[in-house]
Amino acid sequence: SVRAVGLANAANPVAIVVPCHRVIGTDGSLTGYGGGISRKRWLLTHEGVALEKFPTRHIPEAA
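Numbers 8 to 70, taken from the working numbering, label the letters of the sequence shown in order.
Simulated from the structure, these hints should not be mistaken for lab results.
Some hints here could point you the wrong way.
To be verified - What follows is a set of in silico ranges between Cβ atoms, one per label pair, in the way DEER data are often shown: (1) S45 x G13: 16 to 24 Å; (2) H53 x S8: 24 to 32 Å; (3) V56 x V12: 25 to 33 Å; (4) G55 x R10: 28 to 36 Å.
All C-beta atoms in this analysis are idealised placements derived from N, C-alpha and C, irrespective of residue type, glycine included.
Given only the sequences and the hints, what does the whole structure look like? Please build it.
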């Protein structure tokens, strides 16, 4: 289920080894990430993903 994937990703202690930053919303948008959307965007860009194809939902960054 979507909830199970979200909970597993949130508990992921090795986010670079298990690439949970690659999970996107069902509508193709960049959604929540434990390290923040800006870090998720950076990681995906660093991997060569063309992000102009993905809208970003406004989700407040963690403080």
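- Query: Among all the numbered hints in the text so far, which are the ones the structure does not match?
  - Reply: 3
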